[in-house]
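Letter by letter, the chains look like this.
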Amino acid sequence: MRIAVCIKQVPDTEARLRLSGDGTWIDEEDLSFVINESDGYALEEALQIAERTGGEVVVFSLGPERVREALRKALALGAVRAVHLKDPAYLGGDSLSTGRALAAALTPEEFDLVLTGSQSDDVGFSSTGSVIAGELGWPHAWLVMGVELDEATKKVKVTREMEAGMNEISNLDLPAVLEIQAGLNKPRYASLKGIMQAKKKEISEPSPGDLGLSPETLGEAGAKVEVLSVAFPEAGKGAQMIEGDADTAAKTLVDKLQKEARIL
Amino acid sequence: MAEKIWIVLEQRDGKIHKMSWEAIQAGQALAAAIGGTAEAVLLGSDLQEVASQVAQTALASVHVADDESLAVYTPGRFVTTLEKAIAVGQPAYVLFPHTYQTVDYLARLAQSLDAALVPEAVSFESTDGSVTWQRPVLGGKLFAKVRAKGSGPVLVSLQSGSFSADEVEKGSASIETLSLDFSAMAPGREILGIEEAAAGDVDLSQAPVIVSVGRGIGDAENMPIMQQLADALGAELGASRPVIDNGWLPRDRQIGSSGQTVTPKLYFAVGISGAIQHLVGMKGSQVIVAVNKDAGAPIFNVAHYGIVGDLHEVVPAVTAALKEATGD
Chain P
1 MRIAVCIKQV PDTEARLRLS GDGTWIDEED LSFVINESDG YALEEALQIA ERTGGEVVVF
61 SLGPERVREA LRKALALGAV RAVHLKDPAY LGGDSLSTGR ALAAALTPEE FDLVLTGSQS
121 DDVGFSSTGS VIAGELGWPH AWLVMGVELD EATKKVKVTR EMEAGMNEIS NLDLPAVLEI
181 QAGLNKPRYA SLKGIMQAKK KEISEPSPGD LGLSPETLGE AGAKVEVLSV AFPEAGKGAQ
241 MIEGDADTAA KTLVDKLQKE ARIL
Chain Z
1 MAEKIWIVLE QRDGKIHKMS WEAIQAGQAL AAAIGGTAEA VLLGSDLQEV ASQVAQTALA
61 SVHVADDESL AVYTPGRFVT TLEKAIAVGQ PAYVLFPHTY QTVDYLARLA QSLDAALVPE
121 AVSFESTDGS VTWQRPVLGG KLFAKVRAKG SGPVLVSLQS GSFSADEVEK GSASIETLSL
181 DFSAMAPGRE ILGIEEAAAG DVDLSQAPVI VSVGRGIGDA ENMPIMQQLA DALGAELGAS
241 RPVIDNGWLP RDRQIGSSGQ TVTPKLYFAV GISGAIQHLV GMKGSQVIVA VNKDAGAPIF
301 NVAHYGIVGD LHEVVPAVTA ALKEATGD
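Protein chains in written order, with this note's numbering: chain P, 1 to 264; chain Z, 1 to 328.
It should be emphasised that the hints constitute simulated quantities derived from the structure, not laboratory data.
Each hint should be verified, as a subset may be incorrect.
Think about it this way: if two alpha-carbon atoms lie no more than 27 angstroms apart in a straight line, the pair counts; the simulated DSS-like pairs of lysine-lysine are [to be verified]:
(1) Z:K323 / P:K259
(2) P:K86 / P:K200
(3) Z:K323 / P:K251
(4) Z:K283 / Z:K15
(5) Z:K4 / Z:K145
(6) P:K256 / Z:K145
(7) Z:K15 / P:K256
(8) Z:K149 / P:K256
(9) Z:K265 / Z:K283
(10) Z:K283 / Z:K18
(11) Z:K149 / Z:K4
(12) Z:K293 / Z:K283
(13) P:K259 / Z:K283
(14) Z:K293 / P:K251
(15) Z:K265 / P:K259
Model, not experiment: these values are computed from the prediction.
Produce the complete structure using the sequences and hints provided.
See the structure below:
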């Protein structure tokens, strides 16, 4: 089974954030970047399926130069090859223009399955995988918590998470796009051998022209949504912050819960 | 001409999803702000009762796509139905409740219409007919103001609790049948069934006090001090999603949009940053206490009391202070 995995590199959300100069995003200068959490689970699922079925995993990502590090990591984990859409024309888009570019990059190769994470931890549109499926004309499922392949019938049975502890079970014809929810499996760590091998693996960088795409349909130019500004939530309506060292703060808190909130 | 606002409602087996009412209120507010008309859209089978319920609100009309093939949700049929309906009705905005069902098909609809997509909006502003939407980014640490550009309808999903179901304006709407050819619509994905996910039987909705732990606790080794705090408070343990995914607690203790929704007297959140998927499951709690090392964690926006600090120090100190206060 040939599997493509689309990953995104996102800022480490534990990091302390500052706004960028123009106020439309955060300052990326001192941030560390990681593979988006649910994309990591998608990659692990793909690697496990490839191992079971004797297939291979190719990893795709769209983003600036720094994304190469995320692709190297995916190669170290076991992907055989990577495709990096880094031309400036690809960048700054919404999920429509991003999905369009990734779908075009996937098309020349014949995949049986495309996996992505279900949501990015930065902009969180939860939609790039669905857009890819639409561009390819394949069925898709979002928020997938279980994957059962039937190679004989060329179908995949998926369990999708719903609200309030319910699951939906459905059957998709292959090829299909599955948008994986975090928690599906136990992502592996890269081995030293994997890291060494990754250095020799190919990372191709197709231009829009290579993919037959015109730049005005891509990135920021092709997006239907623009970000005007970002801001921290309004201060003032938040919590009453309790100061002091741990013991003092703890005593003050308990006192307030007893006398002010009256719930103890 | 007044711009048309469509509100696509979610219902299952003749029962309207609560967030559908919130979406109606959002649609009414948007119509008032831009001088447009708000209309509801229902997809499903045997919708007469649901439609007449929705028709008792201040909307211009309720469009009903009522067909056996829509009885069970499939993305293929819902996307094709809405694509055809939108081509005929030409709404400027199409609003949806941001449910997991909506997210499953909304981007696919946007792709096929080449329409602007604004997921998870929590509010809007309108100036001179230009509408901007606010939505959380980076796990709710920041909010982005976004605007659609180019032509075509704008598809917006509305995050739970952002608009008020109680403030839906009553009125009377006409019910209109959407006459579409349903026969040609491929299902794309065959739904085999819907089942209970959690095998466990912990019902946190009845717990008066909950100590809830998040990724910030760092390691399963820190669970005992959380359990000691829970014991001192007579509380049940709950958790946000990453803790469950890491296997530190069983899935039936998950609180949030894909787990349980709770409204205890006291919700004590430790190491939970406060992603919106978690907040929708607990923000109705009477008193919320948050302990987190990151002063910028969004949990502090919904908490009543907050302590910024190292949970290894703060949690045992609170346990000790509780024991002292209650004379244990």
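> Among the hints numbered above, which are violated by the structure, and what are their numbers in rising order?
Replying inline: 6, 7 and 8
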